[in-house]
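Undergrad: Chains as they are written, first to last, in our numbering: chain L, 2 to 637; chain U, 457 to 651; chain W, 9 to 223.
Everything labelled a hint here was simulated from the structure, so no lab data went into it.
Pairs of lysine-lysine, DSS-like flavour, derived with a Cα cap of 30 angstroms:
1) U:K506 x W:K151
2) W:K126 x L:K528
3) L:K542 x W:K138
4) W:K48 x L:K528
5) L:K519 x W:K29
6) L:K320 x W:K175
7) L:K339 x W:K175
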Amino acid sequence: MNSASIGDFYAEIKSKADAKVDALKEKPVVWIGTATCGKAAGAMEVKEAFEEAIKNSGLDAEVKEVGCMGYCYAEPLVIISKPGFPDICYGYLDEGLANRLVEDFLMNDDPCFEYALVALETNDYFPTFSDFPRGVYEEKIILEHCGFIDPGDIDHYIAREGYASLAKTLRMQPEEVIREMKDSKLRGRGGAGFPTGVKWETCSMAAGEPKYVICNGDEGDPGAFMDRNILESNPHQVIEGMIICAYAVGASRGYLYIRAEYPQAILRVKQAIQQAREKGLLGDSIMGSGFNFDLEIFQGSGAFVCGEETALLSSMEGKMGIPQQRPPHPAVSGLRGKPTVLNNVKTLCYVPPIIRKGADWFKSTGTPESPGTAVFSLVGKVNCTGLVEVPMGTTLRNVIFDVGEGIPEEKGFRAVQIGGPSGGCLPESALDIPIDFDSLQEAGAIMGSGGLVVMDEDDCMVAVARYFLEFTQHESCGKCTFCRLGTRQMLDLLTKITKGEGELSHLEILRELAEDIKGGSLCNLGKTAPNPVLTTLRYFKDEYEAHINKRTCPAKMCPDLIVYYIAPEKCSKLCNVCVGSCPTEAVYTREDGLKAIDQEKCVKCNNCLKTCPPEYNAVVKLSPPELLKEKEGNLS
Amino acid sequence: MKLLEREKEIISNELQDIVDEYQSKPENLIPILQKVQDKLGYLPLPAMEKIAQALHIPAVDVFGPATFYNQFRLNPPGEHQVKVCMGTACYMAGGSIAMESFERRLNIKEGETSPDRKYSLERVACVGCCTMAPVVVVDDEVEGSVTPTRVDGIMLSFEASDGEKKQEQVEGPEKEQREELEKEEKSEPEKKEGE
Amino acid sequence: MSKMITLTIDGRKITASEGEKLLWVALENGIYIPNLCAIKENNRLSASCRLCFVEVEGLAAPVTSCTLPVSEGMVVKTRSPRVDRLVQTAFELLLSHHRLECSSCSKNGSCELQKIAKERGLKLRVKRFKPLDYETEVDDSPKTFVFDRSKCVLCGRCIWICRNIAKVGAIGFSRRGLERVVSTFGDVPLAESPCTECGLCVEACPGAALARVQA
Numbered sequence: 002m003n004s005a006s007i008g009d010f011y012a013e014i015k016s017k018a019d020a021k022v023d024a025l026k027e028k029p030v031v032w033i034g035t036a037t038c039g040k041a042a043g044a045m046e047v048k049e050a051f052e053e054a055i056k057n058s059g060l061d062a063e064v065k066e067v068g069c070m071g072y073c074y075a076e077p078l079v080i081i082s083k084p085g086f087p088d089i090c091y092g093y094l095d096e097g098l099a100n101r102l103v104e105d106f107l108m109n110d111d112p113c114f115e116y117a118l119v120a121l122e123t124n125d126y127f128p129t130f131s132d133f134p135r136g137v138y139e140e141k142i143i144l145e146h147c148g149f150i151d152p153g154d155i156d157h158y159i160a161r162e163g164y165a166s167l168a169k170t171l172r173m174q175p176e177e178v179i180r181e182m183k184d185s186k187l188r189g190r191g192g193a194g195f196p197t198g199v200k201w202e203t204c205s206m207a208a209g210e211p212k213y214v215i216c217n218g219d220e221g222d223p224g225a226f227m228d229r230n231i232l233e234s235n236p237h238q239v240i241e242g243m244i245i246c247a248y249a250v251g252a253s254r255g256y257l258y259i260r261a262e263y264p265q266a267i268l269r270v271k272q273a274i275q276q277a278r279e280k281g282l283l284g285d286s287i288m289g290s291g292f293n294f295d296l297e298i299f300q301g302s303g304a305f306v307c308g309e310e311t312a313l314l315s316s317m318e319g320k321m322g323i324p325q326q327r328p329p330h331p332a333v334s335g336l337r338g339k340p341t342v343l344n345n346v347k348t349l350c351y352v353p354p355i356i357r358k359g360a361d362w363f364k365s366t367g368t369p370e371s372p373g374t375a376v377f378s379l380v381g382k383v384n385c386t387g388l389v390e391v392p393m394g395t396t397l398r399n400v401i402f403d404v405g406e407g408i409p410e411e412k413g414f415r416a417v418q419i420g421g422p423s424g425g426c427l428p429e430s431a432l433d434i435p436i437d438f439d440s441l442q443e444a445g446a447i448m449g450s451g452g453l454v455v456m457d458e459d460d461c462m463v464a465v466a467r468y469f470l471e472f473t474q475h476e477s478c479g480k481c482t483f484c485r486l487g488t489r490q491m492l493d494l495l496t497k498i499t500k501g502e503g504e505l506s507h508l509e510i511l512r513e514l515a516e517d518i519k520g521g522s523l524c525n526l527g528k529t530a531p532n533p534v535l536t537t538l539r540y541f542k543d544e545y546e547a548h549i550n551k552r553t554c555p556a557k558m559c560p561d562l563i564v565y566y567i568a569p570e571k572c573s574k575l576c577n578v579c580v581g582s583c584p585t586e587a588v589y590t591r592e593d594g595l596k597a598i599d600q601e602k603c604v605k606c607n608n609c610l611k612t613c614p615p616e617y618n619a620v621v622k623l624s625p626p627e628l629l630k631e632k633e634g635n636l637s
Numbered sequence: 457m458k459l460l461e462r463e464k465e466i467i468s469n470e471l472q473d474i475v476d477e478y479q480s481k482p483e484n485l486i487p488i489l490q491k492v493q494d495k496l497g498y499l500p501l502p503a504m505e506k507i508a509q510a511l512h513i514p515a516v517d518v519f520g521p522a523t524f525y526n527q528f529r530l531n532p533p534g535e536h537q538v539k540v541c542m543g544t545a546c547y548m549a550g551g552s553i554a555m556e557s558f559e560r561r562l563n564i565k566e567g568e569t570s571p572d573r574k575y576s577l578e579r580v581a582c583v584g585c586c587t588m589a590p591v592v593v594v595d596d597e598v599e600g601s602v603t604p605t606r607v608d609g610i611m612l613s614f615e616a617s618d619g620e621k622k623q624e625q626v627e628g629p630e631k632e633q634r635e636e637l638e639k640e641e642k643s644e645p646e647k648k649e650g651e
Numbered sequence: 009m010s011k012m013i014t015l016t017i018d019g020r021k022i023t024a025s026e027g028e029k030l031l032w033v034a035l036e037n038g039i040y041i042p043n044l045c046a047i048k049e050n051n052r053l054s055a056s057c058r059l060c061f062v063e064v065e066g067l068a069a070p071v072t073s074c075t076l077p078v079s080e081g082m083v084v085k086t087r088s089p090r091v092d093r094l095v096q097t098a099f100e101l102l103l104s105h106h107r108l109e110c111s112s113c114s115k116n117g118s119c120e121l122q123k124i125a126k127e128r129g130l131k132l133r134v135k136r137f138k139p140l141d142y143e144t145e146v147d148d149s150p151k152t153f154v155f156d157r158s159k160c161v162l163c164g165r166c167i168w169i170c171r172n173i174a175k176v177g178a179i180g181f182s183r184r185g186l187e188r189v190v191s192t193f194g195d196v197p198l199a200e201s202p203c204t205e206c207g208l209c210v211e212a213c214p215g216a217a218l219a220r221v222q223a
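One chain only, chain L, in its complex shape:
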């Protein structure tokens, strides 16, 4: 192994990449976010509009696709870089605004600040990220480049120090790499928080050839999408992390296990692997070092349980994705019985920065036991939804109210669901806990994959618990007794309660069953499945009791416990919106011109309530349904 030649190899690809990226700085470029979320918001139409307008203008400007920078609430997003101006990001794009930006900004010199979201570089005119609360709390390690580089062009990653860590790694001894990772105290971001360096060390010392590295991109937690985003926005950082891992443990083959529900991520990763091979960064003698490693994609076929390591391995062996008894752990006996490192997408993304900047740098962020950052997908009833990366130890209050800018429509905060189906619902009182792996566990939730779903006063905690049990029950592999039958029994009890057919004794059965499933299930999915119920029973017992004792859903969400009602004193004879909005013709005009609802026909779709103009606000939900008689009785 010749370390000088590795240095030369890297210097050469770096200077080529720099030249390519520098050339782009000479002319205006429109960078448009076209990750799945951007596309769903209409990014492709906006892109066409830009291309068309630029063509018509005769300007020498380019339109490039980038991934997602995490400001999902403002999609579609573009960043415009024009020589002589700071790079500026614009949100809520549509075709009209695209035309305007080309005309006013690109052709003339008016940056249209009224539509700007944030400037990316310090300047005298417009605030940058650090001028907003979000920028103060955020610290980006793994999302650093997401949304700012073209994921379809490896040179964009290389120009930002990409693959420099690999060049450094190949000049280290494998033991040194493992020592650095152990020193960094990086904990796996897949959910359980197992120390990554220890896992690597176990695999490196285990007997058996060949060894494998697998990236677990089977992001199944509903409400979490950071892995998708990373794979779509910056696939090379994951690939670089995998190659470094392979070098450290002595693996020659790797797989990226990606959900079939993420077609664009699969496409981006395919491109990335191809380009990395062409550059000599994958395949035989990587960077001329003599180290061989190659990887391919394995498409998951839709089973939540495959996020569990042993189930994932079973599916890669052509079987049903069913968890196996551990030990043996995959690091000792994994794919095809060989030592296998399985790491989450995010975990692998931390590897290149840690190698490049060192373990001490990494530990300077976060808490002593959970160093580094936490990535959350912030969704639900929060103003600024999106992907957030904050240091471990930040409180949920900071994330929801500062970064996320609070709850829309001035509604009250009810709970935050963290960690998906294996996590829990935490109340207001938990908002000030500094979040890390251990503090969340104490509160009854888990870090999980980092899904944060914010819920307001209109969200029913019993319905949420029921939703998660329905999910787990649907996704249970069915192998072991507790998970197959236990989650079903819990679901049936919760369904009864949300229908107003519950009894107080059901709460005791629920708790007992939840504890037994936790203690008795074969795999971690089963063991954690009761968490949403246990946390809601712990923090929101009064809501369960209201459903049972008063047949009332306090949040007015459970369809069987509410009715829609149009208050005659508020309704206007002149307005007809609700009648038109009703998909089942349940809303009708009474003889006196006011509107009313035929309860027999009503499917409780909420359309009338949504469309009733705010100046009337005449449609209300009543719970329990018996209140309707009272209201109607008052009338006569």
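Mind docking chains U and W on chain L? Use the hints.
TA: Just chains U and W now, with coordinates in the frame of chain L:
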């Protein structure tokens, strides 16, 4: 389930190539099933039998995984596929309302294909577009903020695009499929296996 | 020959070869631990029925004995309030998805479920939970036995024996979650499957899911 001529042809001519491409290794069963489903739109029993023979494994070992994973279907999908996301954010934002609206408009239940094979309705676990909730994937395009009114809009666009198609009168496999279907009309909605 | 070790089960000193699974050591020494899915010859442990829990000194929570290799000095208790509670719940859950008709059942008296109930003082009825719907159709296509899924506990013994001893592979698990079943390819009746009616599966079945036709 009666096979269409085109499907029989693929099974007898192309399956072996797919299996060969994966070196006839049983561990490649999942990618093989994915590829076959790509070609046929679903996994007919004769295709699975043939895969099992080619891999030298009991046929029931193909049937197991094929019924285990959400992605695989044992019955043909509709021409238009509607997948309603039931991730947390979508559920909280009214995913079940969107599902209910489609069920009402298409007159089929979740997991079913309409008798004319025109529409199929499924639930998906999470497509990762939580910030646009509730989300529906319509023929591989993600639609955000889907209300009952938007469902009506989507249905209208189906009808409009089908109108155009009819004018063009497509030849080939689609025509054949339609003709064969017309013969075996009036079957009950097909429940997706393994749901 | 592996090393012999001594362990204690319920206060009894027992000699066994190191690494052997605790369940078999206990059973071979006349100490009963409930079990349905365990197959001694199978290296790929199922550990799915969740009935063979025991307490081991030094371990924080009850563990399944079918997966636990014995070691020198191990101290085991087959009963404890925690173990009894887990076993009771798992057993009641299994019964909640089972056609309970012991008095008219062909396996009455020789059923493993009845044995567990008797040994552990458990009731053969569902109290806390709601009985779930079960498959009512019975496959009576084979000449010598019937397959009644409503009595299947999904232990997988029939599948293992069909594959590894009979070398046929007519049946396997299919679907998932509550719909997980033992089935043939395409759900055809056994008589239309590769089944040779050797009857080994009937011997392996702990209950009455696979049962001889009564003469």
